[in-house]
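K.L.:
Here the protein sequences line up with chains A and B, keeping their order.
At position 199 of the first sequence (counting the first as 1) the number is 769 in the working numbering, and the numbers step up by one without a gap.
At position 103 of the second sequence (counting the first as 1) the number is 105 in the working numbering, and the numbers step up by one without a gap.
Please keep in mind that the hints were generated in silico from the structure rather than gathered at the bench.
Watch out, some of these pointers could steer you wrong.
No farther apart than 30 Å at their CA atoms in a straight line, the calculated lysine-lysine pairs in the DSBU-like style are these [said to hold, decoys possible]:
(1) A:Lys706 - A:Lys792
(2) A:Lys799 - B:Lys23
(3) B:Lys95 - A:Lys816
So the derived list for chain B, only partly shown, Cβ under 10 Å to chain A, looks like this [stated by the list, open to error]:
(4) Phe61
(5) His63
(6) Ile106
(7) Lys111
(8) Leu162
Listing some non-contacts, in silico: residues in chain B with all C-beta distances to chain A over 10 Å [to be verified]:
(9) Ala14
(10) Leu19
(11) Asp49
(12) Ser122
(13) Ser123
(14) Lys145
(15) Asn147
Just so you know, even glycine gets a beta-carbon here, dropped at the ideal spot from N, CA and C.
These are the residues of each chain, in order.
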Amino acid sequence: MDINSYISSGILERYCAGALAESEMREVERMAAQFPSIKKEIQAIELAIWNFNDQIFEGPHDQLKASIIQAIKINTNFNSPIIEKTIPSKPVATSLETIAATKVEPPVEIKAEINSQLPVVSSADEPLKNSPKNQKKRIGFGIFLVLILPIILAVAAFNLWNNWDSLKQELKETKKIAAKANSALMSVDSNLKATHQQLDTLRNPDVIKFTLSGMKFAPNAKAVVYWNKNTNNILLDPILLPLEDKLHCYQLWCIAIGQTRSLGTFSATNKNKQMLPMSGTTQAGVFLISLEPKNGSEIPNISQLCLMSK
Amino acid sequence: MKTNTSPTISEAELIYLLKIKDANALAHLYDAYVKSLYNIIFQIIGDEDEAEKILQFTFFHCWNSFYLFDSNNGFLFSWLSIIARNTALQHKKEKTKELSLQPIITLAKSTNKKLIDQLSSQHRQLIELFFYSGISLLSIAEKLNTDHQKVQSDFREAILALRNLK
């Protein structure tokens with residue numbers, strides 16, 4: 571490797587200016603670690619760019635220092651220990667397995683309605699005894715039935731005819747209740763499927779868990795981000811967030827090397843308590859959730875930071 | 003690079019304090035880099051209030067994601083300036099929907115005429131286009147109807163010129 575031609579190729583200037591792709595940057599850093607002359611050259615370029623930008627304008631006003639440091643102190647864990655990422659060794663949601671094993675039943679109120687429509691079977695009904703003592707009675711009863719039964723049947727048919735409309739109405743109601751129960755079952759089934767999918771995600775050893783803790787703006791807030799380092803998919807579990815008003819939404823951010831990316835907006839009104847699929851990211855560093863105007867912002871408003879990963 | 007930081011602390015010490023999240027690290031970091039970072043942001047954004055907001059976020063970003071900085075291989079100012087520049091350009095892109103060839107604040111408006119006058123107009127133009135308009139060297143070559151390699155070589159010369167400023 572000809573170090574001088576590497577230095578004069580201009581790649582180090584482009585490195586310091588941030589004009590290289592990620593892989594090229596890592597390559598320059600490897601070279602700098604290997605060759606002290608390259609490291610020295612980068613430091614000289616860095617110093618020149620720093621010095622130039624330091625002198626072209628006056629810089630910000632003096633009060634800004636205190637307000638920036640104060641804002642960061644308030645909105646972050648200022649003296650928190652060194653950041654660590656937690657990788658779950660085994661699936662955390664054992665309760666989801668319990669859900670999977672649980673028999674699915676419609677909600678209690680619908681079940682009660684269905685039960686009220688079912689015929690009640692009496693345990694008091696018993697078969698007639700076939701003893702000789704009762705034979706006369708039975709013959710008399712038979713004659714009685716032959717004469718009286720047609721009359722009873724005729725009366726019953728007349729009543730049935732009269733009640734036809736009300737029976738039709740009852741049938742309609744029963745059908746409605748059955749449809750309601752069916753839809754409830756389908757919803758439970760769909761929730762169960764989603765839960766299974768999420769459980770599969772959490773069981774995946776490629777998934778890294780980031781626990782987000784509440785900041786001063788929302789101290790009790792809790793959320794977890796699951797990032798699949800292979801597929802880059804993100805699942806957000808907004809465990810506890812205050813409900814936002816109509817003019818605002820929550821926004822998830824990822825701070826990775828040199829970049830801050832919005833991973834999308836969401837609402838805290840997540841009725842089914844399902845995890846939310848967010849935009850993917852190829853790199854994961856620190857995850858933030860901030861309260862932003864309705865359609866989201868370009869950069870996070872740190873005075874309204876709700877949660878941050880540790 | 004001791005000259006980058008306040009007189010009482012070296013860059014290596016600053017990196018160590020940032021790694022352990024020492025309470026004084028942020029003040030040291032601010033003192034060492036605020037002017038340079040603010041001016042990069044201000045040149046891109048052209049608005050003091052917005053620039054302060056982005057500067058605040060740059061320090062916030064640095065403080066909370068410092069474990070991502072590889073102190074064995076990385077270079078602190080390059081890392082910080084890339085964060086500041088990318089955040090400002092992202093903000094500008096969202097506002098204007100596209101990056102224009104014309105910088106919002108040109109170097110001609112600098113308060114340090116003596117410094118700027120030492121640069122040739124070609125070097126000024128390249129620095130303005132790349133650093134403050136956020137246009138890639140390839141796009142600059144296309145816009146200026148010239149060869150990409152020539153722009154890369156001119157850019158190196160422009161940076162070399164910065165090293166020779168007095």
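K.L.:
Are there hints from earlier that the structure breaks, and if so, what are their numbers?
P.N.:
Failing hints, ascending: 1, 6.
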